[in-house]
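K.L.:
Residues per chain are reported as follows:
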Amino acid sequence: MAYPANYRYTKEHEWVDAKDGVATVGITDYAQNELGDVVFVELPQPGAKLTKGKSFGTVESVKAVSEIYAPASGEVIEANGELQNKPETINSDPHGAAWLVKIELASAAELDGLMDGSAYEAYIAAKGQEASA
Amino acid sequence: MDSGISPNITELRKTPLNDLHRRLGARMVNFGGWDMPVEYPATGGLMAEHRTVRNSVGVFDVSHMGDIRIHTGKTPGGALAAVQHLSMNDASKLAIGQAHYSAMLYPEGTFVDDVIVHRLGEDDFLFVINAGTREKDISWVRDNTKSFDCVVEDLSDAYTQLAIQGPRAVDVLQKLTDVTLAPIKNYWFTHGTVCGLPGRMIARTGYTGEDGFEIYVPGDVATSEMVWNAVMDAGKEFAILSCGLGARNTLRLEAKMALYGHEISGEINVWEAGLDRYCKMEKREFVGRAALAKASANGLKRALIGLEMIERGIARDEYKVFDAAGEEVGVVTSGSPSPTLCKNIALAYVPPALAAVGTTLLVEVRSQRVKAQVVATPFYKRPRKAAQGVTN
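These protein sequence lines map, in sequence, to chains B and C. Heads up, our numbering is the position in the first sequence plus 1, with the first residue counted as 1. Heads up, our numbering is the position in the second sequence plus 278, with the first residue counted as 1.
Chain C on its own, in the form it takes in the complex (with noise of 0.2 angstroms):
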């Protein structure tokens, strides 16, 4: 036996919740050079955890994401003129207290990073920016940012952010602030006392299709300790579980939502990813916005479908897939059994021409070709209440 999973050899980044994951009994990994829990076998392990996000609620500690603000310098919207360069979505269409999801671009019209991009104030910005390319991240965004009159400032180390998760995450954070939760729409955030800790900011984002919050205290063991087990003690009465990545991944991926190194990349484009509805072409100039309008009006390479296997195998990320003439034609990019749906799903890139709902495909599992089928995606699409906003 060989598990696909490389111990811990390196000296390993840690989050202020790094100790209380060990002492859960959590199992341990390295996520792009962070010691991350993957998940909690004494509480249940992955498959539990994930149906508790789908079913009620579940806490992870996401404090390795970065976050970078931008905000004005000298004079007022030098902060927005620098945001509008670097993200390809319209932060001008943003309102104070309101986030959307954005990339940075390469000139090539390919992916930097995906980002979280919140508007705080009228010139100030928050990105939210993933945990392995934090370094690449706010060095682009310094770069990049020099002819504008904006102060960048890298935060990513003064928060411990959390992710409440599922139908019951309202009703667990609402114990434990003075903000009244209900009427914040999806992608909207605020700021409010949560555990005793005055300004926190709230946000109804997430990372798991599932309704949801992140909210972001001070990045100290003992504060973020304390919040983590409050959230723990007010989730009680609804079964909360503590959660770790291998969820986290398992969430996103049936929910449709990307993940950088897999579905975008420094080699992938907006439109064969399929974000089109996140890149705002008609705003004035952004890094990457030429070579997309070009690549629009060149026709797609690839295109980013979904599967699902109809045959005995499970599709795993970067196995081959093929056309049913035998013909090499694409590849997966994350492939996992879907504990929502009991069947084995996978995201995959493969030229135009053979992404129509229905289509049969290869996928090579260990020299074998298992038969899968293009299904229509997301996996999985949370039910909507009426009182609860949309996305964007």
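Pulled out of the complex, with its shape left as it was, chain B reads as follows (with noise of 0.2 angstroms):
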């Protein structure tokens, strides 16, 4: 599944597509891959507070549990409430209807240290090879 070039991505595999200071934020379609069937996924109300780099929500699978991570400090506007009955939306279109929060942001500054697209793409390459290693 192709990176979208416009996203930005962080270490922990979470997506953010900024516009006009409101962020959409989901997670990679490697960290549904490594998740593997998600069955449930946890997200803040509008109105919450989120900090940089805290957890601000979980998706499970079947077999493990998973924070996700603020790529950015804002405020919730929207969650994704179509997740709660069909989790597994993330696993077949994690880029995009799966999207998990958009966050009106503090600062959108914050975003500059993230990765681009192909960036991120050598940056799980060299993942993979540290695995079969």
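There is no bait here: all hints are sound.
In silico lysine-lysine, DSBU-like type, Cα no more than 35 angstroms apart, as pairs:
#1 B:K87 with C:K534
#2 B:K103 with C:K598
#3 B:K87 with C:K659
To be clear, the hints were calculated from the coordinates, so they are not data collected in a lab. Please read all numbers here as calculations on a predicted model, not as lab measurements.
Using the hints, put the two chains back together into the complex; each one sits in its own frame.
P.N.:
Okay, structure coming up:
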């Protein structure tokens, strides 16, 4: 699956799509693939304040619990309620329909340190080599 | 995102099928020091693997399991006496070609490990033991059989062990062997030709709560891969899947089969684990018997129960359990979504007063207390066919 060039990516495998001070956040295809069948998603309510680098929710597969970390600080303006009934969307469309939250960014500059699509692809490729070494 | 499963860092042990799992694109994890497939994403992953075992057939590499043979020393009877001393079930009741579930206990009546004891001959037994406890188990067996006239052999690395599990397992394996499988009852075994290999052990055993077989073939890579591929080919018409330890865990949990380090351990005794029917107090002395007699006179402190989550949340291993009044009362030993029941289920230890079916308890899921209810176990019981044998 392609990693959209206009998204930004964290080392913890979240993606961010920022437009006009609002960031849409999800987990990457690599992340969903590592997790396996997603069966449960827990997200914050609108109004919740997120702090960059801090856990703001969880995604669970049959086997594992994964924390999701805020790629930037800000206030949640919308959480994807569809995922409660259809958590498997995270497996089928991680970069699109399975967005997790929309955040009003406290400072767009916080996203500057994140990877772009090609840097992220290089990052996970290196991880793959580590694992098979 | 931070997956709870740790990557493989140190030197891990590998089964002869390790390369094959990697070629199949399996996701590998460190399981008790072994580099094992947890699921095969390319063919559908854990959920699909679980369902195929319940509905059709799947195959697992369980070569990491250990095998200890205890057989006759100078005079007949020594091996049986040793097994009776080591194992809580009554091996004298086994016919040749029969197996049973049992455990080796510490003098405290707690678990060294659970084992499947196979009676190979009048005075010849095979213990199939857990991977994570292999070294401990073999030392335990050697140390505790010194005063018995028997020979102890660690055959753990000699075999590749495949578990072919599911209602169509019999149809798949039948294509590969000259043995007529249908008459073999549950927990019985025989020897025959499998994939052209003579004298292979074929046991109607498993760890999935489903009908199935475990076969033991020579542990070299070429033979192991040849047998694996033959099983996959024979299973094609039943849409057989290769299955990993992830599905093995959810399958055994639904069937309430104990996992060492979770439901049973060196801290938990036989009565607490609810394994009474495999513990034969009426036979003469065995390690742990005296402590168990005392424990049953003193009454139980905790009991293993099944839980079903009522509110939204998944109970996981080691999550705390609270009573309705908010008092901490116990701990989850295994918890997971149940792919068969589409519910979130768990096994937990709580005081016996809270063990009644219908009791409401709370499980702490990341600082939130989520409602759960005690339910009857096993969570899943396979439909019985008239032609099939019954458990022990």
